[in-house]
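Chain B: place on chain A using the hints.
Residue numbers (our numbering), protein chains in the order written: chain A, 1 to 359; chain B, 360 to 651.
Bear in mind the hints are in silico, worked out from the structure with no lab data behind them.
Using N, Cα and C, we set each Cβ at its ideal position, and we do this for glycine too.
There may be inaccurate statements among the hints.
Examples of chain A residues toward chain B, derived with CB under 10 Å [to be verified]:
id, residue
1, 183
2, 316
3, 347
From chain B, some residues computed to sit far from chain A (all C-beta separations above 12 Å) [stated by the list, open to error]:
id, residue
4, 449
5, 503
6, 546
7, 627
8, 643
Listed below are several chain A residues computed to face chain B (Cβ distance under 10 Å; list not exhaustive) [claimed, not checked]:
id, residue
9, 153
10, 310
11, 322
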Amino acid sequence: MAAEAGADSIDLGRPGRRSRWATLRKHLAWTVVGGLALYLLTISVDPYRNLQIATIAYTAIAAAGLTVLTGSSGQISLGQGAFMAVGAYTTALLLIHREDWPLGVVLIVSTLFTAVAGALVGAAAARLRGPYLAGATLAFAVGLPALADYRGLREQLGGGNGLSVATKPPPLRLGETFPLERWQAWICGLCLVLTLLLLANLQSGRIGRHMRAVRDDEVAASLAGVSVARTQILAFVISAACAGLAGGLLAFVNSLAAPGAFQLTVSFQLLAVVVIGGLGSLAGAVYGSILLVLLPGWSADLAQQLDLSRDIYANLPLALYGVVLVAVILGFPAGLQGALVRLARLLRGPSRPPTITGR
Amino acid sequence: MSRFVDLTLAGTANGMVYAALALSLVLIWRSTRVVNFAQGGMAMITTFIAYSIVHRGGSYWLALLVAVLAGLLIGAVAERVLIRPVENKPPLNAVIVTLGLLVFLQALAGMIYGGTPRSFSPAFDIRGYQAGDRRLLFSPADLFTVLAVLVVMAGLAVLFRRSALGLRMRAAAFAPEVARLLGVRVARTLTIGWALAAAVGALAGILVAPSTFVGPNQFDATLVFGFTAAVIGGLDSPLGAVVGGLLLGLALSYLSGYAGSNVVTLGALVVLIAVLMVRPAGLFGSTGERRV
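Chain A extracted, bound-state conformation (with noise of 0.2 Å):
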């Protein structure tokens, strides 16, 4: 899905009619190749299988957002996991107090409020740079899972246990024994595509384009009538919205939303697949998550061959984690997306320079 987004170049001149028309064209053509391949997917595999769909799903769907905020806009957020808490405990609290309203709307509200929430600490993160937005949102990713045990609080969010949801069943008219985690995979599946959609489009117009020159050069993008405050608080509003939806999606896939979900090693993680994926690039994003949801059962599997305790296996991926955004630093700083790109050039042919895109 929208696997060019990571080739991006910067330019700032406008696109003619006719090539802005033939990359919406380009983006829809694998919004329909990925939904269907999605669809043949679901039917065809188990309900454990469905399940690991839905929750590559919505982590996709978060870290896309954290994709467009460090990649396009240049800014690092380690609070991505604390957005997708605003976005499960108001989806959990909307499925327990309003129970009449649809899915589709309790998940749009659930990322429209996260989307704000993300817009007042845009606000005040358009005035801080790297490491300084780096330890304020750790410290918003630390501190907002213990709010849910706050004494004045804690009757509204259930304290350290969290919320727990009545399960939504998948819609009469599919059948009676339609399974529901493939229901909850096509929720889910849905909400990605059309997510990516939404964010390719958006990285390849005007919006991605303020974002990259003002992450390449702030003078500079400000010199060319770019808002710099603006569009960076706009990227934080996007990435919280991704957030949002996808915290929305993992309550109603879990039926709950508790703080242990959105630790602080849920940040790391997704700033994990961004970087493994490739700064900036959509696609990267997914195999990233794909990568992410799989990675835990594989080191169970390699535990039980090997004999190895719990604690090993359990903590073996997260190690990986940390090599690997180390090693993809130093040595690929391009990620997945940028080794396959770059090898897809190398393949077609040396017709221009490679460049290496994100950072």
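This is chain B only, laid out in the frame that chain A set:
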């Protein structure tokens, strides 16, 4: 009133620990312009080393010594292997590398010690001093914390102000090119700076461990507090780190006492944002303000 006194005393002891961690962040920021997000993880590993020694029957002082030495080593290795390649690259690269190291160290600790936090006993009594007929919220262990951090700060001040090595380090941080021309081995001073910083962080870890326990993620909040304290002080001023640590320790102690302990980290976030809004260079910082 007595509650206020108690919170002030407790805040002072906590603030000194934040000051120590802030100091280790400041030492690194001064020399390499990197915020070491792995500092919490490095301190966590060295504290686990100390825990193992105490657990096997070693004395507290041996454990402290070994932890500080391990900190020196880890800091030097981290600088040589991980940070040197990202010098003069966009700041995002260094941030991600230190975060990667943090994630790796947390996973490593989880593999060796499991996820359950372990208790870590302090060197001195944790029952508060008796004042008249009531106990203060300030114990001999707290006094040791305050004194230990003060001694380290005095030592660093002497090192930077009075010794040739300190002069070289300040020169390398202030103007690396000129220092290199004048014969300072800049790369080596950067490594020494990282080693010293990690050793100070190791001390902070041991001092904070009795109250937070030792576990892979136990120092996350402590790192946030250390970072906030460093930013209050201006990120490149050692004196600022100490004042920032004390101010933050007091503020968070009052917040925890009057509003509840679950809002303390978010309180630190509010302090952090407020300081960056009003005085982006901190109280003692020298970096120019950036506006957007």
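To test your reading of the hints: which numbers does this structure violate? Hints 1, 3, 4, 7 contradicted; others consistent.
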